[in-house]
Amino acid sequence: MPEITTDDDGEGLGDGIQIDMISAERMQDMRTMEKIRLILDGVHDGNIVILEEGLEPEEESKLIEVTMSEINPDGFTGIEIETYPGGDSGDSGFLGRLMGKDEPNKLTVIGPANRIETLHKDETLISTLITRT
Amino acid sequence: MGLLTELKSSISRATSSLFAGSEPKRIGIYGPPNAGKTTLANRIARDWTGDAIGPESHVPHETRRARRKENVEIKRNGKSVTIDVVDTPGVTTKVDYKEFLEHDIEKDDAVRRSREATEGVAEAMHWLREDVDGVIYVLDATEDPFTQVNTMLIGIIESQDLPVLIFANKIDLEEASVQRISNAFPQHETVPLSALEGDNMDEVYDKIAEYFG
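As you go down the protein sequences, you meet chains G and B in turn. Note that the numbering used here has the first sequence beginning at 36, numbered continuously upward. Note that the numbering used here has the second sequence beginning at -2, numbered continuously upward.
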């Protein structure tokens, strides 16, 4: 499977912004830390990462933890991440999952906190502004 | 999570619950920065023990370490419930020291605070995965609840099968909307309150006893 690459200066191509759209198929055999590294390496390069299927809650928890450990005062300030809010998950407890009622993960957008800003978000719409700096 | 792991985890939870006896439940107070978590933790601790847990501030990330108040005995309707209250740092996905400069904090102090804040958020996430038995999720009722941090945190709490109460705080402010929070998380009970003013604390304690007793 080819690696996701960026240009030499790590700032995307020319004046543009690199967007990596990662399929569920590419992620499905990865371990949690492999997924997190794939996401954060892209974000460190200034890219916007779009996941066809988002992360599991436990993976999101780890993503927050690893992100926090990589923040530094003069560089990386963290991530902006957006996915649609979950619906009524009253049946998604243990029995719900046993019966296969787990909700599928939803499309997720992740980018450097200083480049992506959420303009609007509700159950069905995410509107974001992406800037170059 | 695999089915076997899930089953093992559920059996483990059920077993520990069966043999827990009168062990106090550890209740984590979670939520985004500036929702009023420490104000609530202090209100609960003062009402039932006479002591506070930590300093409150309008500066985000004032709480940068999880703080615990043990053996808080809450008496409701002739019964008593004992909990350990864990006040956690506000969870976020980004920390920029420049935000602290806006609160008249010097750069060196701002950098130190931001570093401590990142460690605090990581610590809060670790507590959530490993060390709490229930969650009080505090939201500022004057703010839009449809944020990614709220969505993710509620999802993580649900995935752990932890009992959760959502507290719509700051109802003393004119622009507060409890309904907006109820609409955002209809699968959970929302309790309105003002931790600062002590509004609706009777219902707060009733619900804590009901959910975590």
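Hint data in this document are derived by calculation from the structure and do not stem from the laboratory. Watch out, some of these pointers could steer you wrong.
To be verified - Derived lysine-lysine pairs resembling DSS-like cross-links, with alpha carbons at most 27 Å apart:
1) Lys70/G - Lys91/B
2) Lys91/B - Lys156/G
3) Lys22/B - Lys204/B
Since the model is a prediction, treat every value here as computed from it, not as a measurement.
Tested hints:
A hinted pair counts as satisfied when its Cα atoms are at most 27 Å apart, and Lys70/G with Lys91/B qualifies at roughly 19 Å. For the hint linking Lys91/B to Lys156/G, the alpha-carbon distance of about 18 Å falls within 27 Å, and the restraint holds. For a cut-off of 27 Å, the pair hint linking Lys22/B to Lys204/B stands: about 15 Å separates their Cα positions.
Hint violations for this structure: none, all hints satisfied.
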